[in-house]
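Colleague: Using the sequences and the accompanying hints, generate a full structural model.
2 protein chains.
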Amino acid sequence: MDLAAYLEKTQEIVDKTLMREYGDAYGDLYKASSHLLLAGGKRLRPAVLLLSADAVKKGRSDELLPAALALELIHTFTLIHDDIMDSDRERRGVPTVHTLWGEPTAILAGDVLYAHAFEYLCHALADDRSRVKAVTILARACAEICEGQQMDMSFEGRDDVTTGEYLEMVQKKTGALYAASAGIGALLAGGTMVQTDALFQYGLRSGIAFQIQDDLIDIISDTEKSGKDRGSDIRRGKQTLITIKAAEAGLDLAPYRRDLTSEELDAVVQQLQDLRIIDEVRAVAVEHADAAKKALSLIPPSAERDMLTAIVDFFIARGS
Amino acid sequence: MDLAAYLEKTQEIVDKTLMREYGDAYGDLYKASSHLLLAGGKRLRPAVLLLSADAVKKGRSDELLPAALALELIHTFTLIHDDIMDSDRERRGVPTVHTLWGEPTAILAGDVLYAHAFEYLCHALADDRSRVKAVTILARACAEICEGQQMDMSFEGRDDVTTGEYLEMVQKKTGALYAASAGIGALLAGGTMVQTDALFQYGLRSGIAFQIQDDLIDIISDTEKSGKDRGSDIRRGKQTLITIKAAEAGLDLAPYRRDLTSEELDAVVQQLQDLRIIDEVRAVAVEHADAAKKALSLIPPSAERDMLTAIVDFFIARGS
Numbered sequence: 113m114d115l116a117a118y119l120e121k122t123q124e125i126v127d128k129t130l131m132r133e134y135g136d137a138y139g140d141l142y143k144a145s146s147h148l149l150l151a152g153g154k155r156l157r158p159a160v161l162l163l164s165a166d167a168v169k170k171g172r173s174d175e176l177l178p179a180a181l182a183l184e185l186i187h188t189f190t191l192i193h194d195d196i197m198d199s200d201r202e203r204r205g206v207p208t209v210h211t212l213w214g215e216p217t218a219i220l221a222g223d224v225l226y227a228h229a230f231e232y233l234c235h236a237l238a239d240d241r242s243r244v245k246a247v248t249i250l251a252r253a254c255a256e257i258c259e260g261q262q263m264d265m266s267f268e269g270r271d272d273v274t275t276g277e278y279l280e281m282v283q284k285k286t287g288a289l290y291a292a293s294a295g296i297g298a299l300l301a302g303g304t305m306v307q308t309d310a311l312f313q314y315g316l317r318s319g320i321a322f323q324i325q326d327d328l329i330d331i332i333s334d335t336e337k338s339g340k341d342r343g344s345d346i347r348r349g350k351q352t353l354i355t356i357k358a359a360e361a362g363l364d365l366a367p368y369r370r371d372l373t374s375e376e377l378d379a380v381v382q383q384l385q386d387l388r389i390i391d392e393v394r395a396v397a398v399e400h401a402d403a404a405k406k407a408l409s410l411i412p413p414s415a416e417r418d419m420l421t422a423i424v425d426f427f428i429a430r431g432s
Numbered sequence: 113m114d115l116a117a118y119l120e121k122t123q124e125i126v127d128k129t130l131m132r133e134y135g136d137a138y139g140d141l142y143k144a145s146s147h148l149l150l151a152g153g154k155r156l157r158p159a160v161l162l163l164s165a166d167a168v169k170k171g172r173s174d175e176l177l178p179a180a181l182a183l184e185l186i187h188t189f190t191l192i193h194d195d196i197m198d199s200d201r202e203r204r205g206v207p208t209v210h211t212l213w214g215e216p217t218a219i220l221a222g223d224v225l226y227a228h229a230f231e232y233l234c235h236a237l238a239d240d241r242s243r244v245k246a247v248t249i250l251a252r253a254c255a256e257i258c259e260g261q262q263m264d265m266s267f268e269g270r271d272d273v274t275t276g277e278y279l280e281m282v283q284k285k286t287g288a289l290y291a292a293s294a295g296i297g298a299l300l301a302g303g304t305m306v307q308t309d310a311l312f313q314y315g316l317r318s319g320i321a322f323q324i325q326d327d328l329i330d331i332i333s334d335t336e337k338s339g340k341d342r343g344s345d346i347r348r349g350k351q352t353l354i355t356i357k358a359a360e361a362g363l364d365l366a367p368y369r370r371d372l373t374s375e376e377l378d379a380v381v382q383q384l385q386d387l388r389i390i391d392e393v394r395a396v397a398v399e400h401a402d403a404a405k406k407a408l409s410l411i412p413p414s415a416e417r418d419m420l421t422a423i424v425d426f427f428i429a430r431g432s
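Chains as they are written, first to last, in our numbering: chain A, 113 to 432; chain B, 113 to 432.
Source of the hints: derived by calculation from the structure; they are not laboratory data. Ideal Cβ positions, reconstructed from N, Cα and C, are used throughout, including at glycine. Certain hints may be false.
Stated by the list, open to error - Quick partial rundown of chain A residues pointing at chain B, CB under 7 Å, derived from the structure:
1. 220
2. 230
3. 240
4. 241
5. 247
6. 248
Modeller: Okay, structure coming up:
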C-alpha cells in the first residue's frame, strides 16, 4: 500500500469511529466538542501512531486504535483553545467553536476532549506498565504544547526572537505531539526502549519539519491550495523562521504588518527569494526531516517504516 | 489526631510540596499556573484521598502523595477556567488568574495543570493496573466536571430548573471530584473493589452535601466569615437549590437579581425562613451527608474512617 492509500484508510477508520462516538452529540457541550472533530482533518497523528506500532510489531495497530483517537482528541482540544486565544474565526472551512458557542462553552469543549483523550488512551489493548508510561508521555506532551503556545504568543510583541527560541517553540507546540504519537505507538505495541526512543525522536523531528513547512506554505502557496489566507503570518506580524531569518539578513517585515494586496505580497516574497531566505528556511525543514528519517534506521526495515519515511517527505513537500 | 489537626497537617504537606514544585515558577505561564495553587486553599480533596487510602490499608498514604497533589491540581485547573467563564475577579482573596495575566494565558495555565495532574497521578507508588484505573477514574471525573459546569451555565438563563437537574449538576460539578479523590485513594492503596466503590460513593455524596451547604452559606453566613459576598447567588440570578425550592413554594427570587442592600437581603432570608425553604434545603444536604456516612460502613472501623465521617459533618456545618 502506498502512503496516500494508507492515510486514506486511516482517515476513514478514524472518521468512522469518531462519528460513532460523537456523531449523535446531545447538548451544547458535546455539539461544541464534536464540531471541529467531525469537520475533517488529515488524522496524521493517528496514522503516525498506528504506523509506529506496526513498524515495531506487525499487526499490533488494530488493538491500539483507542490510543490513536486519543492523539486526535488532544490535537483537537489544542486547536479549540488556540482558536480562542488567537481570536480565529475559521478553521477547516467551518466557523471556530467559540464563534458558534461562545468562549465559555469552547473552553469546556476543549477541556472535555482533553479528559476523553486520557480515557481512550487507557482503553488501548496493551500491558498496564506501558499504558501508565503512555499516560505520562501524553501528559508531558500536553504540558509542552501549552509551553509552546505561550512562547508563540509571547513572540508576537517582540522583534528580537532568535532562531533558537523559535525552534524550541516549534518543538514544543508541534513536535511534542508527533513525538508522543510515534513514541506511544511503539511503546504500546511492545517495542523495545531503543525503538520507542527512536520513534519518539522521529516524531519530534518530523513535527518540527512539519511546522516549518507550514510557515513556508503561508507565503508561497496560493490560498486555494492551502486553505489558508496567503501571507496571513506576515500581515499579522507573527514570528516565524522566515521573519527571523529575514531580520537577520537586514530585511524588516514589520512594515507589512497590515492588509497587503496580492502585488505587495508578491514583492515581499521576491525580496525573500533574492535574499535566499526561503531556501535557507527550507534547508532547516529538510535538516529536521533528515534527522527524523535517520532515527528510523534503528527500526527493522518494513513497509510501515517506508511509509513513516514517506510521511516526512510528504510533510516537507506540502504546498510546493 | 482530631480532624482539625489532620487537615492542618495535610495542608502543610501539600503546601510545602506545591511550593517546592511551583514556588520558583519562571515565565508567565508557570507564574499564572502557580498563582492560585499557592494562594492557599483547604486541600480537602488531598485529605480525602489520603484518609481513604489509610482507611483501607493503614500506612499507604505516604506513597500516594503525588496522587493527592493530582487531585488538587485538577481542582485548581477547574477554578482557573471557571473564573474565566464566570468573569470572576477575585478568588481566595487574590485577583483571579485571567485578571492578572489575561484570558489566553489563563486558559493555558489551567491546561498545563491539567497535564501535570495526570503526570503526578502516574507517579504514585502503586501497582500498574491500579494506576491505569486511577487515570480513567480521574479522566471520567474531569469530563463530568465539564458537563456540570456547562449545566450550571445553562441554568442562568432559565427559571424552570428542577431539583433533579440541580442535583445532577452538583453531582457532576462537585461530587465527581470528591468521588474520584476517595475512590482513587482506596484503589491505589490496594483496597478491594467493594471498598473502592464504597469510598467512591462516600466522596460523591459528600461532594453533593458540600455544594448544597455552599449555596446555603451564600445567604446565611456573613461575608467576613465565609469570604464570599453575601447573597451574591441571588443578586446574580444563579440557580441553586434555594431558588428552585423557593420557586416551587411560589416565591420568585428573580426580582432580587440586582444590587441588594443588607436590609433587603435580610428580608429575603426571612421570607425563605418563613416558607421553611432553608430547613428544606438543609435537610437535602443532611440526607446526602448521611448517605456518605452510610457508605463508610463497608470499611473496617479505624481512626481514618472516623475522620472521614467527621469531614462530612464539617462539610454541612460550615458557615453556621
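Colleague: Indicate, hint by hint, whether the structure satisfies it.
Modeller: So, going through the hints one by one against the coordinates:
no.: 1; hint: 220; verdict: holds (5 Å)
no.: 2; hint: 230; verdict: holds (4 Å)
no.: 3; hint: 240; verdict: holds (4 Å)
no.: 4; hint: 241; verdict: holds (5 Å)
no.: 5; hint: 247; verdict: holds (5 Å)
no.: 6; hint: 248; verdict: holds (5 Å)
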